[in-house]
Each structure stands twice: as structure tokens, then as C-alpha cells.
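Same order as they appear, the protein sequences are chains S and R.
Residues in the first sequence are numbered from 11 upward in steps of one, following our numbering.
Residues in the second sequence are numbered from 4 upward in steps of one, following our numbering.
Hints may contain errors.
Simulated pairs of lysine-lysine, DSS-like, Cα-Cα distance not exceeding 25 Å [claimed, not checked]:
| # | chain 1 | residue 1 | chain 2 | residue 2 |
| --- | --- | --- | --- | --- |
| 1 | R | K49 | S | K412 |
| 2 | R | K45 | S | K15 |
| 3 | R | K45 | S | K679 |
| 4 | S | K343 | R | K45 |
| 5 | R | K45 | S | K682 |
| 6 | R | K45 | S | K351 |
| 7 | S | K679 | R | K49 |
| 8 | S | K682 | S | K30 |
| 9 | S | K226 | S | K120 |
| 10 | S | K296 | S | K682 |
| 11 | R | K49 | S | K351 |
| 12 | S | K412 | S | K343 |
| 13 | S | K78 | S | K118 |
| 14 | R | K45 | S | K412 |
| 15 | S | K343 | R | K49 |
Quick caveat, the hints were computed from the structure, so don't treat them as lab data.
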Amino acid sequence: MLLPKQMTRVLIVGSRNALKDTIEVLYQLEAAHLIDFSAEEEGFSLGAPLPESSVASQRLLKLRSLEKDMGIDDEDVSGQMETGQIEMDLASTIDGLEAEITGAIESKNKINLRINELEADKAVLQSFQALPLDLELYHDYDSLKVFTGKVRGDPSALVKAAAPQSEVFLSGNGDFAAVFVNTAQADEAQKALVQVGYTEVPAPAGPGSPQKHVAKIDEELEALRSSMKEAVDKLDELKDKHSTFVKAADEHLSIIVEKAETPLRIGTTEYTFAMDAWVPTSEMPKVEKAIAEKLGNRAHLESLEVMSRMEPHGHDEEGEEHAPAKVEEIPVKLENGKTAKKFEFMSGMLSTPKYREIDPTSAMMITLPIFFGLMVGDIGYGIPFMLLGLIGLKKCVSDEWKTISTLLFFGGIWATVFGVFLFGEAYGIHFAEQAHDLSWSSLLGVQLPHELVLGGFEIPLGIYSKLHSVKQILYMSVWIGIAHLFIGFCIGFYNKSIRYGMKHAIIEKISWLMILVGGALLLLFVVDFMILGKDVALTDIRMLVAAVLLVIGIGMAYKGEGSGAILELPGLMGNIISYTRLAAIGMSKAGLALAFNTIAFEVMWGHDFHVLGSNSGDIVMLIAALGIFLVGHLTIFILAIISAGLHSLRLHYVEFFMKFYEGGGVEFKPLKVIRKYTIEKNGVSE
Amino acid sequence: MADAGLIALSAGIAVGITGMASAWAEKEIGSAAIGAMAENEKLFGKGLILTVIPETIVIFGMVVAILLWLNM
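Chain S with its partners taken away, still in its complex shape (with noise of 0.2 Å):
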């Protein structure tokens, strides 16, 4: 369960003919990852994708076509369709379909011209329609030069000086002008119309008023965009009735090329055919069977290798691998149980595990939530948390955020148990009545109690106050990180005999899992001795122990990792002390909720606050206060997903995971088809 799925490396051969039976009973089986040919082989050359290939490429290439014309959307589709339908209707229906697709956006894009055509012609003739003049008098002059354009100010008294033999017409608003010259003094009177900014609007053609053209012009686009109405009509109705059938055809159709294109990553010579594969050794008797029941002799599957967990090229004493000579990488099928799937995206997103290493999903379900729970640990955050996973879980379709439900509603049951036993405390305020501060005691008035007595056991119900008992939880925390990290020794313990044999394992891991039980037994001491203040002599058993532990710790990583280990010593004091974050985000959390309690509850009762009924308050304060409450624990709550979330997180990739994981494994992805759109069904039921 916690190493990837054996895999058997086996070659599939068989004669040419077979080779589309052969795809196809491995598609239906789900269980082989196909290794690409690499056209090395002598004899072999790349297969050529099958016959239906072409045509159904051709087709799928219209149908994306008119995909995007119609803007289908996945929303659009409604129900599934069966692949014998899909073939019965593909050639009429792609056809009919693209002419009458073609047709309804050909005149709809027609009808946007002529509109965009006009409504600039309307634009231009409005401009006119402010001057006393119809259209036929701008033109056919020939002694006069006509200027007609927008401008800034009145040009009349510049362009009367530059030019005397003109007129000069102004718009109402006087920003359009039209000017008539003698031709001989035209360039004068543009120079004086630049003054004013005159950029040129040509008059149109035609007799009658400007009026009279606008008039015909709206009565003209009136129609059209009725017509524009219609043809958007047509093509949502063509969408309606015909979406799900593109859909589906296009999935239809992706997977007939899929599949026909296989041989292009298989070596085949004139006759046969020989294809490389990984499969799940468990899942070895189900494909011979089914090779050799559908295919008979004409297809024979030989298994090579059950590939064991052993790096075939062994280790070299610096640590690092040899270069191995191109050895195609194992796939990586990992096997997690329902709840440990739901964090895989998690690990996945550092790197996909190698084959010959655990895969590190299954610790980090278990201390992931335990690291958020005990960074939040109020029952009054934690029972949110749960209910918000637990609405995500069944809600959340996307991985990020199955996998963000996931961590909370696991994280608010850790939160909630450590919010009731460890911490006793609801939004920063405990339970039972306390020397100094605020209770849910003394608030409600009722007396809690400060341990749950069941069955004679006394299971106390707040052991540590997170602002009160720094010192203890700090400790807590840094212990918690000592355990993590010895785990994740142990891991990479096991990681590096299964691929290196036991002795790299010694040499490599123990080392450091003595260094770390070395370095505890220190932190025991010192602890005794600088912060209990205790008298104790340095021949005491902790310290002659650590001393020797250490010595041989480093002596051995010395031996097995070079200089190099030397330097990573500080590195594994920083990892350690790195947990303490436990403790502070948890106290950073109360310090928040102290002050936003302490904010609304003098608002309420005045300064004495904690003597109750000494200031009622009125309904104002009330409701202000129990807004300052509310809003001050929502952001909170939400900076808890962020801080304690990532810092869990954190406390995972870096910390953990660095004493055991390599990562940078490829993902098992077996020849199969998705379909979501289509059932498989040969022949026609309606």
C-alpha cells in the first residue's frame, strides 16, 4: 500500500493484421502503459496510423470548426448519446450541418457589414444635416473649391482674411463647417481652417437634403437588424437542437483518432508488430487472458521483467547515483486507499513519487491535519472547518479544492480535539474559570468544569493555555518535530535499503537517526540544565549517551555522504527548531482573538468588564460588539487557512520530506478513453 504498484515490463507481438484487435483489447483492458518505440531498433520502423485515421481526423477538424462558430460550451450538452447512434448520423448530419451552419453565419457576418457600413454613413451625414445646404451643392464646381470638416472654433474671420472671395458655413454647435472658395485662393483658406483645427470630412454623394439620407438610412437598418435578429435566432436554435450531437461526435471521433494513431508509437516491420508496455503485475493474468482468449495466435504476450525495487546500477560511496545508462523510468501507479487519494494531489503537487520509494501520501494524511488541528486548536474554529471540508467534499468538483475540503474537515476534527482536551477554549476563550482572564465560565455563568470525569478517569478538558503556557507548548513542539523527523529518517531507513541494500541504508540513515536521538538527549540536558536551573553533572547518563551517539552518527554520515554531511548538521538544528511554528502560530492565533474579545466585550460592559452586570450597555453597544465578535473571528478563521494550512504544509515539503523523498517519478497512464459525452453501444435503440 505505501510503494507504488509492481510493475512487469512485457513485450506484445504479434502479426500486423492483429494490430488494430491488439489496440483495441488493450484499451478495453486499461492496464498497459505503452512505452514509445524509439526508432532505434533495427528492422523496426514506426507504425502508420490506421486507415479510419484520416477521414476521422477530417471530420473532427469540421466539427471543432463549427464548435467554435456556434460557441458550444460544455453547459450546452445535455444527456450522453451512443456511439452507433453518432456513427448512423455522422456523415449525413456533419455535412447538412456545416452547409446550414456555414449559410446562417455567412449572412449573419453579411448583415453586421452592411450595419457597420451604414451606421458610418449615418454618422457622416449627420454632421451635414446641422448646415443649411443639400448634398448635390458640395460637389461639381469648377471654379470653386469646396472644404467641408470638422474644426474647433468659428473660422469665418480667418478664413474672410486669407481668403475674401469665400463663404463660410457653420453648424449650429460650431464644430462642423463647410467652406466655399475660389480655387485660386483655396490654399490660403485651408491654411486659415488648420488654425482652427480642420480635419476633413468628405461630403457624400447624392441629391436631396441630408435628412431625407438619414431618414432612408434608419429605415434601412431597421431592417436589417430584424434580419440579424433572425439569423441569431437560427444559429441558437442550430445550437440548441444540434450541440449535444457535436459534443458527443467530437468525443467520438477524438477517441477513433486516439486509438488509430497507437501504431505510431509502436515498432512494426513489414508483417508484425512489437509493442513495449508496463503493467501492474497484479493485473497480469487478466491481460494474458484476454490476449490470448481474443487474439489467439496472432497475438503473444511474454512477460520480461517483474521490475523489483532495486536500482540496477547500484551506488557509488559519495552518495550519488551513477548515471545510468537510458533505462526507460518505471511508471508510477500509486495505490492509496479512498481517504488517502484525496491527499495525493497534495504530495503530487511537490513530484510524483519514484517507483522505488514509498509514496509519502499516507504519512502526510496522518500528521498534515494533526500540524493544522494543533495550530488552530479551538473547538470554536475547528467545528466551522469541519462543517465548511465536509460542504466542500460533496460540493467541490476541481482537484485544488476536493483536496483544500479535504485538509479542512480532516484539520477541524484535529482542531476540535485539541480545541476540547489539550487547549479547553471556544474563539480564544476557555472554558473554565480561569485567575486572570475571561471564561465561557464566568460569561454564561455557569460553572464548566476543568476536567470530564468518565468511568473514574479524569480526562481534563484544557491542559495548556496557548498564552499562558508558551514555555511547555514551545517544548511540545519542538518534541513533535524530533518525532516527525525521526519518522521521516525511518522512511528514507527503508526508501534506501529497498534500492540500495541495506548497508547504504546504515550508513546513510541510521547516521542521521543517531545524530537526532543524540541531539534529544542533549536538548534533555540542556533543558535541565539552563532553563530548570536543576544541578546537573556532565557525566550524567543523557549527556555520556548523546556524546557517544553523536560521535558515531557523524562519523558514519561523514563516511557515507562526504564533507557534505558536516555541513548539514546546522541544517537539522534549523529543521527542528523550524516546529516551533507549531507553537506560534497557535499563540499568534490567541493573541488575535484576545484582542478582538477584549474589543468587544469593553465595548459591551465598559473597562470592568470582567465583573459582569457592572455596565448592561445598551441594544447600540450590543449589536456593535457582537459585530467587532463576529468580524474579528471571521478573519481569524480565514488567516487560520492560510497560516496554518501552508504552514502545515510547509512543515511537510521542506521539513519531511527532504529526509526521504526524491520525487520525480512518471505517472502510470494506461492506453484507456475517458468518455463523458458517449456510452459505447454497437448498433441503434431508440
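Starting from the known structure of chain S, arrange chain R on it as the hints suggest.
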């Protein structure tokens, strides 16, 4: 017992300056990581790891601050 105010000030400086230091380091790494992610989304995990590495600085600062505070 040393002056409580001085201790509080020192604790504040310890957290504040280390916080700025990690922020600065993370800014540089973070922007590079985002750049790398824009080219290859699979680098998210590695980018996150590299980005949060300097955070250790502020954790050290915080531990120092807490030790100071406990001695108050």
C-alpha cells in the same frame, strides 16, 4: 532582573528585523519562483519550498524573542 522595558524592546527588535530579513529574501525568491511557474506549472511545489526556506530566519528571531520574554 533587567529592565522589563528593555527586554520587551529587544524582543520586538529580534522579531521585527528577522521578519524584514525573511520578507526581503522571500520576495526575491518568490518572484523568481512565480516566473518559473509561469513557464511550467509543475514547479509549484519546488517553488513553494524554495520560497519558504528563508522563513526559518524569522522563526529563529521569534525563538530568541520568546526566550527573552520568558526571562522577564
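**Request:** Hint by hint, work out which the structure violates, then give me just those numbers in ascending order.
**Result:** Violated hints: none; all satisfied.
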